[in-house]
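Trainee: These are the residues of each chain, in order.
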Amino acid sequence: MNNNPQLNKNGELQHLLTTEGLPASILLNILDTAESFVGVTERDIKKVPLLRGKSIFNLFFEPSTRTRTTFEIAAKRLSADVVNLNIAASSQSKGETLLDTVNNLSAMHADMFVVRHAQSGASHLIAQHVRPEIHVINAGDGRHAHPTQALLDMFTIRHYKRDFRNLRVAIVGDILHSRVARSQIHALTTLGVPEVRVIAPKTLLPAKVERLGVQVYHDMAAGLKDVDVLLMLRLQNERMQGARLPSAEEYFKYYGLTQEKLALARHDAIVMHPGPMNRGIEIDSAVADGKQSVILPQVTFGIAVRMAVMSILAGN
Amino acid sequence: MQLPDAEQLLADLSGKIRSDITTANTALVGIYTGGVWLAQRLHRDLGLALPLGTLDVSFYRDDFDQIGLHPQVKPSDIPFEVEGSHIILVDDVLYTGRTIRAAINELFDYGRPASIRLAALIDRGGRELPVAADYVGATISLPGDKMLALEQGNGGKLNLSLYDKTPSGQ
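As you go down the protein sequences, you meet chains A and B in turn.
Residues 0 to 315, numbered by numbering that gives the first Met the number 0, are exactly what the first sequence covers, in order.
Residues 0 to 169, numbered by numbering that gives the first Met the number 0, are exactly what the second sequence covers, in order.
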C-alpha cells in the first residue's frame, strides 16, 4: 500500500496532499480527533500546548484570506509559531524557484508547510523534496485537490447527519474547475456515501466524471430530488469570460440555489458552501442565510479539522 | 501475584473522600479511560451537586514528540465553572505522575480552581515527578516491566489485571 506519497513506511499520514487513495480509517481518525478539538475552541483559553516550539509556514502562492486565516488560527491554537508568506508578492516575483524557496525555509528549521498554489501538483513536488521530518499540507493546488476543505465538509455532514451510509449528497456547480469537488467526491465515496450526484451544465463538468463513482445530472429538479446534503460550489468569476456560460443571470436561473429549488430536496437537507459565496449567482441570499444553511458552522469546524490534521501529521 | 479487588478498593476510596468533602463546590474529574469509570461510580456514590467532568490529556502529554498523538482522543468535558471550584482528580493507576501533570495543566486552561486533590485506585510507585495522591485505595510495588490496567467487565464490574509490557508499548 506504500506507493502513496502521503503515507510513511508504517502506513501513517506523513503529508496530506489529497483525499484520493486515503483509507477510510485515516479519514475517520482525522474527524474523530477534530471532535476533541471542537471542545478546545469553545473554551476561554482556546489553546493546547501540543505543537509548542514547532514552526509552521503558510506558503500561499495564490491569494486566499479564509483558508490562510483558518490554518493560521489552527496552528496558533496548537501553540505553534506561524509564519505567513504571501509569495505572489515576494521572492517568486524576483525569479526564485519553488524548490529554492522551500530549501531556504527548511534551512530556517520549518517543521510543516501549508501550501496553496495555482499549479496542480505543487504540494506533491514539495512533499517529495523536503527532509523526512517535514510535513506538507495541501491547502489547494490548481484544479487538483483541497483535502482539508473536503475533510471539514465531511465533519460537518457527520455532525448534522450522524452517519454517511444512508445519504444522498449532491455537489452543484462548477465541477470542472473545482479542486474542492474532486476532494469531496473521493472523501464521500471512501466514507461509504451510497449516492453522490453532481449537478452542472455540460460545459462545467470534466470528461468522464462518472468514472469517479458519481451520478451526473444537468437539471436541478431531477438532481435535487430526495437529496440530504447540498454541496454548493463557487462559480469563479473568471470562468464567466469564456464561452462556458452565457451569463451570470442565466446561470442563476438554472443552477442558482433558491428556496424553490431547495424545496425539491429532503425537508431536512443541509446546504453547504466552501466560500467565498457569490450571492445571487450560485446561491440566493434567502438560502445562504436560511435555516437549512450550515455555511458558518463549516468555518468553525474547519479550524478544529485543521488542528486535527496538523497534530496528527506532526506526531507521525 | 495476587492483585487487590478493585471493587473493594473503590468502596474504601469512596469512604475516604466522603469524610473530606466540606463544600458543595466540590467537583470530580475523571481521567480517561479508567479514571472516568471510577469517577462515574464515585459521583453517583457521593451524590455531588456539580456535574462530573472528564479529561483526555492527549493534547497535554509530554511524550507527543516520541509517540505522536494518541489514536483515540476523546473530547474533554468540564461542565462546571472551574474558577474557584474544589476539584478532585480521579485516576486508576498512579505511576510516573506525568498524566497528572498533564491533567493539572489542562484544568488550568478552563480556569483557576480553588484547589485540586488527587484520588487514585492504586499507587504503584515509580514516580518521575513530585506528585502525590491525597486518597489512595492501595499501594503496591511493581517492577517497571509490568503494566497494571483497570478493566470494566459486564455490568460495569471493575477489576485489575497485570500484563508484561511489550517492548514498544508504554
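Some hints here could point you the wrong way.
Calculated lysine-lysine pairs in the DSS-like style (CA-CA distance at most 30 Å, straight line) [stated by the list, open to error]: (1) B:K15 x A:K8; (2) A:K75 x B:K73; (3) B:K73 x A:K160.
Residues of chain A clear of chain B, computed beta-carbon distances all greater than 12 Å [as the list claims (entries may be wrong)]: (4) E19; (5) S24; (6) K45; (7) L49; (8) V81; (9) R210; (10) R243; (11) E248; (12) Y253; (13) E259; (14) S284; (15) Q291; (16) P296; (17) A313.
Example chain B residues on the side facing chain A (calculated, C-beta under 10 Å, incomplete) [said to hold, decoys possible]: (18) D55; (19) S57; (20) Y59; (21) R60; (22) L68; (23) H69; (24) Q71; (25) S75; (26) I77; (27) F79; (28) N104; (29) E105; (30) F107; (31) D108; (32) Y109; (33) A113.
Because the hints were derived from the structure by calculation, they are not lab data.
Here the structure is a predicted model, which means the values were calculated and not measured.
We put the beta carbon where it would ideally sit given N, CA and C, even for glycine.
Trainee: Against this structure, judge whether each hint is valid.
Mentor: Do the hints match the structure? See the list:
{"no.": "1", "hint": "B:K15 x A:K8", "in the structure": "50 Å, violated"}
{"no.": "2", "hint": "A:K75 x B:K73", "in the structure": "21 Å, holds"}
{"no.": "3", "hint": "B:K73 x A:K160", "in the structure": "20 Å, holds"}
{"no.": "4", "hint": "E19", "in the structure": "23 Å, holds"}
{"no.": "5", "hint": "S24", "in the structure": "10 Å, violated"}
{"no.": "6", "hint": "K45", "in the structure": "9 Å, violated"}
{"no.": "7", "hint": "L49", "in the structure": "5 Å, violated"}
{"no.": "8", "hint": "V81", "in the structure": "18 Å, holds"}
{"no.": "9", "hint": "R210", "in the structure": "33 Å, holds"}
{"no.": "10", "hint": "R243", "in the structure": "44 Å, holds"}
{"no.": "11", "hint": "E248", "in the structure": "47 Å, holds"}
{"no.": "12", "hint": "Y253", "in the structure": "43 Å, holds"}
{"no.": "13", "hint": "E259", "in the structure": "40 Å, holds"}
{"no.": "14", "hint": "S284", "in the structure": "35 Å, holds"}
{"no.": "15", "hint": "Q291", "in the structure": "27 Å, holds"}
{"no.": "16", "hint": "P296", "in the structure": "17 Å, holds"}
{"no.": "17", "hint": "A313", "in the structure": "8 Å, violated"}
{"no.": "18", "hint": "D55", "in the structure": "7 Å, holds"}
{"no.": "19", "hint": "S57", "in the structure": "7 Å, holds"}
{"no.": "20", "hint": "Y59", "in the structure": "6 Å, holds"}
{"no.": "21", "hint": "R60", "in the structure": "8 Å, holds"}
{"no.": "22", "hint": "L68", "in the structure": "4 Å, holds"}
{"no.": "23", "hint": "H69", "in the structure": "9 Å, holds"}
{"no.": "24", "hint": "Q71", "in the structure": "7 Å, holds"}
{"no.": "25", "hint": "S75", "in the structure": "6 Å, holds"}
{"no.": "26", "hint": "I77", "in the structure": "8 Å, holds"}
{"no.": "27", "hint": "F79", "in the structure": "13 Å, violated"}
{"no.": "28", "hint": "N104", "in the structure": "7 Å, holds"}
{"no.": "29", "hint": "E105", "in the structure": "8 Å, holds"}
{"no.": "30", "hint": "F107", "in the structure": "8 Å, holds"}
{"no.": "31", "hint": "D108", "in the structure": "4 Å, holds"}
{"no.": "32", "hint": "Y109", "in the structure": "6 Å, holds"}
{"no.": "33", "hint": "A113", "in the structure": "17 Å, violated"}
In this structure, the hints that do not hold are numbers 1, 5, 6, 7, 17, 27, 33, in rising order.
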